[in-house]
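The chain contents come next:
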Amino acid sequence: MDADAEQNFWSLIPAQRSYLPIEDWSLLGRQRLVETHESIIRLLLDESFTLFVDEASLSLFGFQDVESAVEWCLHRFVHGELDPSRLSAAARTFQLFTQVHFWLAQKVGAAGFRSRMRMLHQTSASRTSASTDPEAAFASKTSSEGQASQPMENLDPSNTLTSFQHRLATTLASLNQHTCADLVTWWLEGSYRLRRQWFGRQNADWAGVPEIGTHLSKKQRSILRHDALFRFLCLWFRLERNRPQSIGLVAAFALCFAPCENRAPYRVPECTVVEKFRSLGLKGPREIAQARKIGMGELIELSIGLVRRWLVPVTPPKGPLAPTHPPAWDISPELSLLERLECSLAVASLSPTLLHVYSLLDSSELSRQLHALPSPYLEDT
Amino acid sequence: MTHIRPHAIVLDAMVCGQPLDAQNGASETHSPESQAWEALVSSPTAAQDWHDAVVRRQRMDQTAMWIQTHPWLARAWLTIRTSRRRRHSAATAAVVAQLEPLANRLTAVLGPDASPALHRLELEWGAVKVFPMNINEVVSLSGQETQSNFAIHYQTATSSGILESGRWRLEPGDAPVLLQVTASTHGENVGSSPSPGQLSAGVLLVESSDQRGLP
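Respectively, the protein sequence lines represent chains A and B.
Residue 380, in numbering that gives the first Met the number 0, is where the first sequence stops; the numbers in between run on with no holes.
Residue 214, in numbering that gives the first Met the number 0, is where the second sequence stops; the numbers in between run on with no holes.
There may be inaccurate statements among the hints.
To be verified - Label-pair restraints from in silico Cβ distances:
1) N135/B / P268/A: 30 to 40 Å
2) G172/B / R285/A: 30 to 40 Å
3) R119/B / K218/A: 25 to 35 Å
To be verified - Stretch-level coverage of chain B by chain A, calculated; a stretch enters the list once three of its residues show a Cβ under 8 Å from a Cβ in chain A:
4) 6-15
5) 54-60
6) 66-78
7) 161-170
It should be emphasised that the hints constitute simulated quantities derived from the structure, not laboratory data.
C-beta: ideal position from N, C-alpha, C; glycine also.
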């Protein structure tokens, strides 16, 4: 079997993490656990070290080979000081024996782990600060449109970009926590052109366009990408922190912004929250799904409202060749660099495709508002 | 600009949602995890790197489910795993497992299968590879011309023995089935179970229709 087929096979298996619990964390309890389940524990450690760590990495942590690493972990588990209260719920199960990062950090300590991981990061040097200068990207856009040149930032553009990058990172981690791992993949793929514009303009490393999930149709992949982009945007705007003002928003947050199975449609199934919603007057999964749909529509409206502050109205073109849904808004030339970065993220995440994603095609007002938004892309790609 | 690609170890912690430093009592600021998230959003290979990490974790979790549910499988798998280290042998076992043509004929009639096409698998000494099959499909193990001396043993939850034909038809309730290939020389007697320490490779037959897990 080729590598792609093997990857597709594993990626199609639904995530299942019913690891056996580790209940007795006393020294005696851990010793008994190893005596009872030695083959299982030894194999889990062996498989995970084989899967996640290469020989160079092992030696960096002072292990000769996988076998010696497994022996060390077993000894540490039986004889070492382990405080289960500092472990996550998942790590208080047999999953602990598959968490290589935990054992490596146990071996060398937190600081030692950090420094070694820095050494292990693969770096590929590529060019230039100029190629990643977002000001250059915006200047290019405006000059091509014959507008006045942009006011320069008071802030150092690279600092602005760094702080923007930091917020992207924390929001992406939040998306992972609030949904599941695959939506992160779809966001990374869906945001590729944006991220190239921000971080890799004119850089050869960004030449190709990634394609994940090739077993899915183009339409399915598009829907998953836009879903991920929009849910990310909601977290970016921190909409989940506001007290929900409607039953629709309650349903949207409970189902689409909560940890879920790593499998499309990447949301909590309605049937699992029936009891919770009964007290709110929703009688069953069908009504909850309807409320979720309304809630996602409300979130789109809220997001469009937040984006408007960065936009200026434009006169739509007229005549027989004018587009059916001409943009009514353009990105304001008065924005700071950070605002322009945020604005490009937001309008890219508010595509009319969302109407298909959330089954909102019957909402002509939402459709009109989404079609009125400008293009987020500042370069022709 | 320098692109940093987070290491598989850190990516796995992120996929698992495990704060790395929280487990070790250090501050989460400037943790390898937060640095890796920043590296990820600015990396051109991020989507593929993250996807690979998710697949590795799914593979680990699913493997763990099989191992947990079937202690006999854990023991046999471990024997295979350690055999290579004792013998320091080359990785390729020169044995392939492949579905017999019946599956292809059915595919031709019924149209393309939505499941990934896993019809052929090269075995590797010291490793167990997973082979998803439909009920009634037949897998056969065969050696390459230069290295055809090997014995095959099978093991299920309820039975074990020598598989002289080198073929296994997957019946309902069979899975998981471990086919263990051990290297042998001419004239060597094949026992009813593989000798410990013999160089081995394994293929684990699982049901495609029930990839979620095992009873």
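Each hint tested on the structure:
1. N135/B / P268/A: 30 to 40 Å: Holds, at about 32 Å.
2. G172/B / R285/A: 30 to 40 Å: 37 Å, holds
3. R119/B / K218/A: 25 to 35 Å: Hint holds: Cβ distance 31 Å, inside 25 to 35 Å.
4. 6-15: It holds, with 9 qualifying residues against the three required.
5. 54-60: holds (count 7)
6. 66-78: holds (count 7)
7. 161-170: Coverage by chain A is violated here, the residue count being 0 at a Cβ distance below 8 Å.
Violated hint: 7 only; the structure is consistent with all others.
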